[in-house]
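Fit chain to chain and form the complex, with the hints in mind.
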Amino acid sequence: MDKYEVVRDQSKQWFQDWQGARSLAARTKFEALQHLDAHLIQFAKLMESRGTQVHWAASDRDARDIILGILRDQKARVVVKSKTMTSEEIHLNPALRRAGYEVVESDLGEYIVQLRHEPPYHLVFPAMHLTRGEIKEVFEQELHDAPSDDPADLTMVARRTLRKKFLQADVGITGANFAIADTGMISITENEGNARLTAALPRTLITLVGIEKILPRLEDLALFLPMLATMGTGQHLTCYNSLYAGPRQPGETDGPVNFHVILLDNQRTLLLADAEQRDALGCIRCGACLNVCPVFRNIGGHAYGTVYGGPIGSVITPHLRELQDWKHLSFASSLCGACSETCPVKIDLHHHLLQNRSNAAAPPNGRPQFLQQLAFRTFGFVASHPALWTIAGKLGRLAQTAHKLVQAGPLDPLRTWTKTRVAPRLARQSFRAWFKERQP
Amino acid sequence: MNSRETILARIREALLQKAVPRHGSGLPSLIERHSVLPLAPTATETQLALFAENAVELKTDFRYVSDDTQLLSQLKTIATEENWRLISTHRSARLSTLATQLGANVVFTDGGYDKDELERCDAGITECDALVAQTGSVLLTNRSAGGRALSCLPPHHIVVASTSQLVPDLSSAMELLREK
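Here the protein sequences line up with chains A and B, keeping their order.
According to the working numbering, the residues represented by the first sequence are 1 to 440, in order.
According to the working numbering, the residues represented by the second sequence are 1 to 180, in order.
Okay, chain B solo, but in the shape it has when bound (with noise of 0.2 Å):
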């Protein structure tokens, strides 16, 4: 018997003894998750008023901008007071035109990169899949961050989005996710 077997064996004979169900039994469904979780708002706007308490709260330096214009400046603004020279982000209609114009050299992690200079870049910019209202939190993924060290190896992260991404609560990232 391989440890595979003997593992699934040990586990069906210890399931012989029959435990007692003390807080009730099946699995949650999800309005019984909806109503003991933290309160997550269905309007857009208060969607965006929660994200960015939340976010605050969690040290992010959250920013509005109503267009590109406005982006590419507050990045410039950013670039210049941190001196940014060597910066990393991954291809998209919005991040590859607007990364080169930052006044640094720029590192595309698309079809693989140099950890050491992925490691030298003084910020990574990536996109996300969904902004989540309840906990201020951004959900990304490997498609839609350039990968899974951008987000995290360089010292600093921004993450470019729009309030279309907003989702309210854990519950509807984590389908967002299955979908995917």
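Okay, chain A solo, but in the shape it has when bound (with noise of 0.2 Å):
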């Protein structure tokens, strides 16, 4: 993490004005979101003009449907995936196992990750929580190949697997950093060429795109490719930019011969109805917000059982899964600000989490229970009432030690609380008590 931020505020340097092209890229996605059905509309009819299936998937089960009959119709059995955290949001992977596919991951980090039967642990760097001894552990259980826990050996073993895995699959899925809607493009920005390769060996291309992602003109990438790179890995632009209009066209040489796009709903359209938050739908998933935030850094990826982290994911996912379940998410943050100030495009982040905060406690569903509310009124009761403060605090320590009989016992009345808690002990002597003794 510190060499990516010396990288990362080197490639800032780069730009003329850092503050500036993020003002920009804030509008151009404010535009792109503006006029989102006419953008889709033109986008779609493009890619069809030349040949490309488009689907439209309002659910997840939809997108996963839509799939399945896809490799259904083309008799597939190897199924070969680059990088695409839309599809960890659909849980597709699970879905094609279970439906007998041999899916796999050509990422990596993704790779890696796979062969532990874990989800990723961050937006941009999936494995990042492993260490090369770890590495070659899964490495010799899986594919009983690890020569030693170097990271190029290790990397040479992982191409050896994958390049046999890519000529023998029959369809390659792949997501989308940007759909570009007056040519009808698909654009992915990757470092290993496993998009590339995806995209270009298998008979058949599936790829599965948020309808979010869409920027108005392929002019705008020239300002969204180097940013992305910037503030996802600190490069000036990653290794390998694709663009994808349509399947192979008479006379090319190369190229899928069927070409599938899905535009994804799964509930974007309830957070673009929320006209305070919508920006959020601009995040271009660079994770530059987790990579600076002191919860995150601390404590990241598995632990919060979310597909997308960070504090972008404490904002959406209560958006896109359900907010009195996830609401939790935005109470975990310090609310100090540092995403909103690193984010490329400009997303009121820290604003929003304390704004999901307050949507979650208003009526009617987020309603405070019978028994909370009368303790936090008894609360505030005897809080402002110094004499009744003074003996809580006398009776409080009694309080405690006799809790301390029943503690996380089935006879503790807290017990929801006090079985994963410890409370600290009540002081002896109050401030004020101390005080008035020291007065002269």
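It should be emphasised that the hints constitute simulated quantities derived from the structure, not laboratory data.
Just so it is clear, the structure is predicted and the values come from calculations on it, not from any experiment.
Heads up, a few of these hints could be off.
Claimed, not checked - Just a sample of chain B residues kept apart from chain A, beta carbon distances all over 10 Å, derived:
id, residue
1, GLN17
2, LYS76
3, LEU86
4, THR100
5, VAL106
6, VAL159
7, SER164
To be verified - Simulated pairs of lysine-lysine, DSSO-like, Cα-Cα distance not exceeding 27 Å:
id, chain 1, residue 1, chain 2, residue 2
8, A, LYS136, A, LYS165
9, A, LYS136, A, LYS164
10, B, LYS115, A, LYS165
11, B, LYS180, A, LYS45
12, B, LYS76, A, LYS12
13, A, LYS75, A, LYS164
14, A, LYS394, A, LYS436
15, A, LYS404, A, LYS419
16, A, LYS419, A, LYS327
17, A, LYS165, A, LYS75
18, B, LYS59, A, LYS3
19, A, LYS75, B, LYS18
20, B, LYS76, B, LYS18
21, A, LYS327, B, LYS180
22, A, LYS394, A, LYS404
23, B, LYS18, A, LYS164
24, A, LYS419, A, LYS394
25, B, LYS76, B, LYS59
26, A, LYS3, A, LYS136
The beta-carbon is built from N, C-alpha and C at its ideal position, and this holds for glycine as well.
Set out below in structure tokens:
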């Protein structure tokens, strides 16, 4: 992470005006979302004009069904995938495996976590939580091939295995970083060349795109590609930036014969309807907010059970899934604002976290439970009467001693709280008493 | 209502809620983009120098040759050093004859190829559409580079380009792409 910070900052310096670039990016995304319907229609029309089949998926289940349908039609056996968080969002891999297909992740980091039967740990660096020793171990177990724990050797092992899969695969599945409306193109950025191979070699290509990935014009890439690389990995530009406009055209040497693009809603329109937080759909998944977040820098990855991590994940997950189930994410933040400060498309992340908190507490669903209300009312009453406060402080110590006898046991009325938490011991002497003693 | 209409209807309904543009409105113009993006030189010599500098930073082995004879001898040196046995390329005025003189068997990708054979190649040699000075990167298309996989599947990719193909920045590269 230290190295990432250095190169990221160097790459920002490379721009004439990084802050200006952020504003332009935010404006572009604002306009893209403001006319999302028109852009999507144009995108789909152009794609279809070159022989691509465009599918519209309202939910994650629809998207899975469409993909399974295509695989059935193609009598596919082996599916090779390049990194796509959207496929994690729709839980595609388990569905494909249940249906009997062999699915191979071709991004090195994704491949490693796949061998470990884990979801990706980070938006951009999926296997960053593992040491080289752990990677060697999983290669030994799963591939029976791990000459040493040297990253170069391990990469070669993965390369050999993955190359074979590329040649075997009947179907390739990719995500998209951007969908260009005015030329009908898919833009993918990557460093390993695996997405390009996924899109070039198999007979059938499926690209899964969230509807918010739209950029109005091809020229907007001149801004977004270097910004994404700068914030994602600290590069000026990622090694491979590919654009796909359709399946193999007459006279072309290679490329898929069938090309399917799936436009996925899956609750994105709910977030679009929230005019205040709409800008969160402008996210380009660079991961910069989670790299600067004081919370996520210490506790990252799998701990949260969400597909999209970091501050952006905490903002959008309650919208994409269910507010009451995922509201805790918005509370796990110090609201320091480092995320909003760094976001290349200027999403007002920490204010959105605050707003999620207030939405979660708003009636009717967010009404606190009766006991919770009673507890806080009592606390408020006691805390605003100094005499009661003094008595409570003294009784509290006794109560704590008594509570020890039943703590976390079945008789403890507070057991849901105390079974995983220990309250600090109340002080023998209050500050007020201590202060009074010291008065001359 | 089919899913296309459902999604479009949801979008239109959502957009009835008006959002306030916080960072200005309207799509940025080319001039605005130019004012924030990394500088891009206009003179060919400066473009070449910048391209070389950026390309080397990306770990490209950049070599400048003044004519076809020098080009051939450079390629021969690389072919010998790396012990090329099988290479792939596509038919073009420059590459067709060049590739056959390197002492390796040649696979042409034009009109389709065997994937396994391409995978066995030691190197792929292609032309390109443009060299981007601002980033040190190379713009390729299906047509200029013998398809989608030739530049990517063999472990070694060699691009033969001329200085006339230099463009200052990504914006001009995108413009060029749009024309094609």
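Verification of the hints:
| no. | hint | in the structure |
| --- | --- | --- |
| 1 | GLN17 | violated (4 Å) |
| 2 | LYS76 | holds (26 Å) |
| 3 | LEU86 | holds (15 Å) |
| 4 | THR100 | holds (19 Å) |
| 5 | VAL106 | holds (15 Å) |
| 6 | VAL159 | holds (14 Å) |
| 7 | SER164 | holds (21 Å) |
| 8 | A:LYS136 <-> A:LYS165 | holds (20 Å) |
| 9 | A:LYS136 <-> A:LYS164 | holds (20 Å) |
| 10 | B:LYS115 <-> A:LYS165 | holds (12 Å) |
| 11 | B:LYS180 <-> A:LYS45 | holds (19 Å) |
| 12 | B:LYS76 <-> A:LYS12 | violated (40 Å) |
| 13 | A:LYS75 <-> A:LYS164 | holds (19 Å) |
| 14 | A:LYS394 <-> A:LYS436 | holds (17 Å) |
| 15 | A:LYS404 <-> A:LYS419 | holds (12 Å) |
| 16 | A:LYS419 <-> A:LYS327 | holds (22 Å) |
| 17 | A:LYS165 <-> A:LYS75 | holds (17 Å) |
| 18 | B:LYS59 <-> A:LYS3 | holds (18 Å) |
| 19 | A:LYS75 <-> B:LYS18 | violated (47 Å) |
| 20 | B:LYS76 <-> B:LYS18 | violated (64 Å) |
| 21 | A:LYS327 <-> B:LYS180 | violated (49 Å) |
| 22 | A:LYS394 <-> A:LYS404 | holds (16 Å) |
| 23 | B:LYS18 <-> A:LYS164 | violated (51 Å) |
| 24 | A:LYS419 <-> A:LYS394 | holds (24 Å) |
| 25 | B:LYS76 <-> B:LYS59 | holds (21 Å) |
| 26 | A:LYS3 <-> A:LYS136 | holds (23 Å) |
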